[in-house]
Amino acid sequence: MKFNFRVILLIAAALFGIIFSVPSLTQSEHGAKVTLGLDLQGGLHLLLGVKTEEAVNSQLKSVASGLKHFSEQNDILLDGLSVEGDHVVFELMDSEDGAKIDEHLKSVQGTAVKLSGAAYSVSFKPEEVEKLKTQSVDQAIETIRNRLDQFGLAEPVVARQGVDKILVELPGIKTPQEEQRARELISRAAKLELMAVDEDRSMRVNDMSDAEALSFGDKILEDALQPNVKHLVNEIPILDGTMLTDAQVGYDQNNRPVINFSLNSAGAQVFGDFTGKSVGKRLAIVLDGKVYSAPVINERIGGGSGQISGNYTIEEANDLAIALRSGALLAPIYMLEKRSVGPSLGADSIKASLLALVSGFVLVMIFMMMYYGLAGIIANLAVLINIFIILAMMALLGATLTLPGMAGIVLHIGLAVDANIIINERVREQLRLGLSVRKALEEGYAKAMRAILDSNITQIIACTILYVYGTGAIKGFAVTLSMGILASMLTAIVGTYGVFQLFTNRIEKSKNYKMWFGMTRKVNA
Amino acid sequence: MELFKEDKVYNFLGKGKIFFVASFVLFFLAIGLIAIKGFSFGIDFTGGTVVQVKYQGVAPIDKVREALEKEELFKHASVTEFGSPEEIIIKTAASTDGLSKDIGDVTREILKGTGEFEIRRVDMVGPKVGDELRVKGLTAFLLTLAAIMAMVTFRYEWRFALAAIIAIVHDIVITFGFVSYFEIDFNIESVAALLMILGYSIHDTIIVYDRIREHIQESKNSDFVMIVNEAVSRTQSRTTLTSLTVFFVVLTLFLFGGDIMLGFSFPMLVGVIIGTYSSIFVAAQLVVWTGFSVARYREKMAEKIKLQAEKEKMRAQFEQGIV
Numbered sequence: 001m002k003f004n005f006r007v008i009l010l011i012a013a014a015l016f017g018i019i020f021s022v023p024s025l026t027q028s029e030h031g032a033k034v035t036l037g038l039d040l041q042g043g044l045h046l047l048l049g050v051k052t053e054e055a056v057n058s059q060l061k062s063v064a065s066g067l068k069h070f071s072e073q074n075d076i077l078l079d080g081l082s083v084e085g086d087h088v089v090f091e092l093m094d095s096e097d098g099a100k101i102d103e104h105l106k107s108v109q110g111t112a113v114k115l116s117g118a119a120y121s122v123s124f125k126p127e128e129v130e131k132l133k134t135q136s137v138d139q140a141i142e143t144i145r146n147r148l149d150q151f152g153l154a155e156p157v158v159a160r161q162g163v164d165k166i167l168v169e170l171p172g173i174k175t176p177q178e179e180q181r182a183r184e185l186i187s188r189a190a191k192l193e194l195m196a197v198d199e200d201r202s203m204r205v206n207d208m209s210d211a212e213a214l215s216f217g218d219k220i221l222e223d224a225l226q227p228n229v230k231h232l233v234n235e236i237p238i239l240d241g242t243m244l245t246d247a248q249v250g251y252d253q254n255n256r257p258v259i260n261f262s263l264n265s266a267g268a269q270v271f272g273d274f275t276g277k278s279v280g281k282r283l284a285i286v287l288d289g290k291v292y293s294a295p296v297i298n299e300r301i302g303g304g305s306g307q308i309s310g311n312y313t314i315e316e317a318n319d320l321a322i323a324l325r326s327g328a329l330l331a332p333i334y335m336l337e338k339r340s341v342g343p344s345l346g347a348d349s350i351k352a353s354l355l356a357l358v359s360g361f362v363l364v365m366i367f368m369m370m371y372y373g374l375a376g377i378i379a380n381l382a383v384l385i386n387i388f389i390i391l392a393m394m395a396l397l398g399a400t401l402t403l404p405g406m407a408g409i410v411l412h413i414g415l416a417v418d419a420n421i422i423i424n425e426r427v428r429e430q431l432r433l434g435l436s437v438r439k440a441l442e443e444g445y446a447k448a449m450r451a452i453l454d455s456n457i458t459q460i461i462a463c464t465i466l467y468v469y470g471t472g473a474i475k476g477f478a479v480t481l482s483m484g485i486l487a488s489m490l491t492a493i494v495g496t497y498g499v500f501q502l503f504t505n506r507i508e509k510s511k512n513y514k515m516w517f518g519m520t521r522k523v524n525a
Numbered sequence: 526m527e528l529f530k531e532d533k534v535y536n537f538l539g540k541g542k543i544f545f546v547a548s549f550v551l552f553f554l555a556i557g558l559i560a561i562k563g564f565s566f567g568i569d570f571t572g573g574t575v576v577q578v579k580y581q582g583v584a585p586i587d588k589v590r591e592a593l594e595k596e597e598l599f600k601h602a603s604v605t606e607f608g609s610p611e612e613i614i615i616k617t618a619a620s621t622d623g624l625s626k627d628i629g630d631v632t633r634e635i636l637k638g639t640g641e642f643e644i645r646r647v648d649m650v651g652p653k654v655g656d657e658l659r660v661k662g663l664t665a666f667l668l669t670l671a672a673i674m675a676m677v678t679f680r681y682e683w684r685f686a687l688a689a690i691i692a693i694v695h696d697i698v699i700t701f702g703f704v705s706y707f708e709i710d711f712n713i714e715s716v717a718a719l720l721m722i723l724g725y726s727i728h729d730t731i732i733v734y735d736r737i738r739e740h741i742q743e744s745k746n747s748d749f750v751m752i753v754n755e756a757v758s759r760t761q762s763r764t765t766l767t768s769l770t771v772f773f774v775v776l777t778l779f780l781f782g783g784d785i786m787l788g789f790s791f792p793m794l795v796g797v798i799i800g801t802y803s804s805i806f807v808a809a810q811l812v813v814w815t816g817f818s819v820a821r822y823r824e825k826m827a828e829k830i831k832l833q834a835e836k837e838k839m840r841a842q843f844e845q846g847i848v
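Going line by line, the protein sequences match chains S and A.
Numbering follows our numbering, with no gaps: position 152 of the first sequence is 152.
Every position in the second sequence, counted from 1, becomes a number in our numbering once 525 is added.
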């Protein structure tokens with residue numbers, strides 16, 4: 001019995017397969033493991049869209065407020081300054097100011113100006129719109145990732161999918177309550193604004209329409225805690241969340257959770273100046289368009305810190321602090337797809353597919369043994385090694401095992417056995433022709449290999465297309481199947497041949513084709 | 526164990542017409558079914574929501590229906606038992622796009638008071654996602670067909686490729702005729718099954734083709750019908766054995782994989798049977814009908830070999846410095 005390179009290769013492949021699939025099978029802490037898909041371990045899968053137009057829109061609004069600010073500072077009279085669709089429009093009252101306005105507009109990035117007489121129409125160039133949209137998606141991914149990292153769940157995945165979609169996967173979610181909390185945290189705009197209350201007109205807020213408020217440069221906002229209370233505030237905020245450096249949960253004098261935030265030095269400066277000249281007036285703390293509190297300013301507040309109180313539970317306060325710390329979303333996000341699987345269902349699915357896997361495998365093994373004798377056992381060994389190799393490769397590549405992936409493996413057992421059937425049938429044929437065992441093996445493998453290669457190459461091409469065009473579940477299926485095909489070529493074509501070569505002389509001497517190849521009819525040689 | 530006589534040549538093509546009629550009838554019956562009855566597409570394609578709920582004890586389906594009726598999102602929703610009497614599936618065409626309160630949360634609120642339950646799965650697909658999936662799925666399918674056509678033409682001949690493609694379409698259409706008839710949910714897993722059947726069908730067909738090619742090259746016989754009969758007979762035992770093992774395996778998947786795998790396991794189960802049938806009775810028969818001529822193929826092969834030999838001769842002469 002002489003060891004040949006084929007057997008050594010098979011043993012190496014077997015060792016590789018077994019060693020690297022041990023961590024996955026024992027669920028040990030060490031080593032690379034196959035990740036279970038959300039459908040098997042339970043969890044939340046979200047596909048999110050970003051309303052990128054709204055990011056562009058709000059940018060356009062800030063161009064408008066910039067114009068307003070600039071014209072007020074330079075005593076330029078603008079008539080009818082407003083946002084109409086994707087344009088900022090206004091009319092210049094005094095043509096002598098034209099140069100100044102043009103210069104200001106030139107300093108605003110990516111705008112195109114259309115002028116007819118004294119009527120201006122300002123919009124973003126198409127490439128600027130694209131840039132703003134991409135930016136808003138990038139920023140959303142970054143922000144959501146920051147928030148989820150701080151939320152404290154195991155292995156959150158936040159990734160871009162396609163051009164403007166965001167994939168979020170949270171395997172750790174166990175209860176519906178937890179899931180809802182996570183969804184709220186992700187979607188929260190977390191836009192913090194500090195706004196001045198318009199004390200002169202505040203009394204009339206309940207009778208005022210939105211349009212009327214706008215004509216005074218004001219905005220009507222609802223109270224967050226008392227739904228019937230309205231506040232009239234200056235439309236342009238004093239400060240917004242971009243100047244925030246930290247937000248932490250604290251407690252007020254009644255031991256209720258609050259959020260303490262602090263501003264950067266520029267923010268602290270603006271805040272100090274404003275409170276200094278507004279003593280006796282009220283300051284509204286606005287979060288996502290709702291007023292949380294509007295305390296009276298008693299004195300100049302330096303140091304740049306403030307507090308949001310809103311009857312929070314500790315969890316709510318905690319989530320809000322996370323959202324504030326990781327910044328506001330530039331554009332609102334919405335849900336395109338959601339798949340949430342409870343952990344008990346995942347466990348059931350694993351049980352069901354394992355049962356299918358094992359019973360399918362046992363059936364095939366018994367059948368092969370009965371039909372091909374020892375050759376069948378060798379084939380079974382090859383298929384078993386094959387499965388270990390798939391597991392090991394998946395673990396090393398960090399691939400995810402999903403339910404369709406499991407189906408792919410189950411199905412693969414059937415197909416992996418096929419290579420062995422083709423080979424054994426060919427070898428039997430050659431033996432019947434009266435060839436020596438050595439020659440029969442040689443011819444049989446050569447002939448079988450041609451057909452197997454033709455077919456497997458076609459299959460791998462199909463799998464590649466499947467992988468490129470498929471989505472999550474299909475991708476998993478394509479991965480397990482193509483790994484299986486590669487592994488089966490190694491174990492069936494190379495490996496089993498090596499094993500037969502080990503025994504060639506013994507088979508030749510014994511002439512016991514029944515035991516070795518399961519051949520029951522007499523050979524005429 | 527041996528099931529098939531090794532030297533007997535079965536006359537598969539002799540009954541070609543019968544199988545042609547059978548295939549023809551099945552094929553157009555399937556097309557008719559699909560056209561008239563259509564598929565019950567899963568939410569992967571149409572958009573919508575599926576909620577799987579497990580009750581402690583038997584699920585109160587009537588109570589659930591009654592509770593759901595009042596909610597706009599669940600107008601025309603269907604409630605069916607799923608796998609066991611404790612479990613139900615609620616299906617509706619509606620979906621929600623807000624994150625803070627979604628259709629799953631709504632369901633939980635509505636079902637409050639119908640008993641002790643646990644929501645085990647919420648799958649929600651927005652309307653746009655489905656469209657994208659349909660386009661992608663179809664692209665993948667057509668690309669795969671094109672790739673197979675190219676591959677088989679390269680390795681065999683265009684007539685073989687054409688016959689293989691017709692056989693594949695035959696298998697898939699008939700299989701999905703059954704899917705339509707039994708109203709199995711057509712979802713993303715069914716697309717995987719479809720592509721799997723495609724792979725399985727071409728695999729089986731190639732094994733038979735490989736035999737035909739071998740016989741053309743090795744035997745002196747020029748009668749293509751004889752050659753095909755012999756090739757199909759020789760691969761008969763392999764085709765049957767493999768089909769049986771794959772069938773066992775798919776059957777276990779069908780029996781134990783649960784209702785959640787039905788969209789995959791059912792088409793696979795039918796596809797394996799049809800695929801086996803077509804690689805024995807349809808694919809090779811079609812090559813005969815495309816007018817394949819053994820003599821011409823051999824001529825071409827001989828020419829190829831001659832060309833190759835000439836090239837090598839020239840090279841040898843060149844290397845020896847004769848030219």
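Hints were generated in silico from the structure; no laboratory data involved.
Glycine included, every Cβ here is placed at the ideal spot set by N, Cα and C.
Incorrect hints may have been included.
[Unchecked claim] With a straight-line cut-off of 27 Å between C-alpha atoms, the simulated DSS-like cross-links for lysine-lysine are:
hint : chain 1 : residue 1 : chain 2 : residue 2
1    : S       : LYS439    : A       : LYS530
2    : S       : LYS514    : A       : LYS530
3    : S       : LYS439    : A       : LYS533
4    : S       : LYS174    : A       : LYS533
5    : A       : LYS533    : S       : LYS165
6    : S       : LYS277    : S       : LYS219
[Stated by the list, open to error] Take a look, some chain S residues computed to stay more than 12 Å from chain A by CB distance:
hint : residue
7    : PHE5
8    : GLN27
9    : HIS45
10   : GLN59
11   : VAL108
12   : GLY162
13   : ARG204
14   : ALA451
15   : ILE465
16   : GLY470
[Claimed, not checked] Label-pair distances were calculated between CB atoms; the ranges are:
hint : chain 1 : residue 1 : chain 2 : residue 2 : range
17   : A       : ASP532    : S       : GLN161    : 55 to 61 Å
18   : S       : ALA32     : A       : VAL750    : 38 to 44 Å
19   : A       : LYS637    : S       : SER305    : 56 to 62 Å
20   : A       : GLU611    : S       : GLU222    : 40 to 46 Å
21   : S       : ASP223    : A       : GLU611    : 45 to 51 Å
Results for each hint:
1. With a C-alpha separation of about 23 Å, the suggested pair S:LYS439 and A:LYS530 falls inside the 27 Å cut-off, and the hint holds.
2. This hinted pair checks out: S:LYS514 and A:LYS530 have alpha carbons roughly 16 Å apart, not beyond 27 Å.
3. Of the supplied pair hints, the one linking S:LYS439 and A:LYS533 holds, its CA atoms being roughly 24 Å apart against a limit of 27 Å.
4. Of the pairs offered as hints, the one joining S:LYS174 and A:LYS533 is violated, with about 63 Å between alpha carbons and a cut-off of 27 Å exceeded.
5. This hinted pair does not check out: A:LYS533 and S:LYS165 have alpha carbons roughly 61 Å apart, beyond 27 Å.
6. For the given pair, S:LYS277 sits about 21 Å from S:LYS219 by alpha-carbon distance, which is consistent with the 27 Å threshold.
7. Against chain A, the non-interface label of S:PHE5 holds: every CB pair exceeds 12 Å, the least being about 27 Å.
8. With a cut of 12 Å on Cβ distances, S:GLN27 stays outside the contact zone with chain A, its closest approach being about 23 Å.
9. Interface exclusion of S:HIS45 from chain A breaks down, the closest Cβ pair being 9 Å apart, not more than 12 Å.
10. Consistency note on S:GLN59: stated as away from chain A, and its beta-carbon is indeed over 12 Å from all of that chain's, at 23 Å minimum.
11. The Cβ of S:VAL108 sits about 33 Å from the closest Cβ of chain A, beyond the 12 Å cut-off, so the non-interface label holds.
12. Its closest Cβ contact with chain A, about 9 Å, brings S:GLY162 to no more than 12 Å, contrary to its assignment away from the interface.
13. No Cβ of chain A comes within 12 Å of the Cβ of S:ARG204; the nearest lies about 33 Å off, and the non-interface call holds.
14. Distance to chain A contradicts S:ALA451 as a non-interface residue, since its nearest Cβ pair spans about 4 Å, not more than 12 Å.
15. The Cβ of S:ILE465 does not lie farther than 12 Å from every Cβ of chain A; its closest approach is about 5 Å, which violates its non-interface assignment.
16. Look at S:GLY470: its CB is around 7 Å from the nearest CB on chain A, not clear of 12 Å, so calling it non-interface is violated.
17. At roughly 58 Å, the beta carbons of A:ASP532 and S:GLN161 sit within the given window of 55 to 61 Å.
18. One distance hint, 38 to 44 Å for the beta-carbon pair S:ALA32 and A:VAL750, is violated here, with the actual separation near 56 Å.
19. Separation of A:LYS637 from S:SER305 is about 43 Å and departs from the stated range, judged on CB atoms against 56 to 62 Å.
20. Look at A:GLU611 against S:GLU222: about 45 Å separates their beta carbons, and that is inside 40 to 46 Å.
21. Checked against the hint of 45 to 51 Å, the pair S:ASP223 and A:GLU611 passes, with Cβ atoms roughly 46 Å apart.
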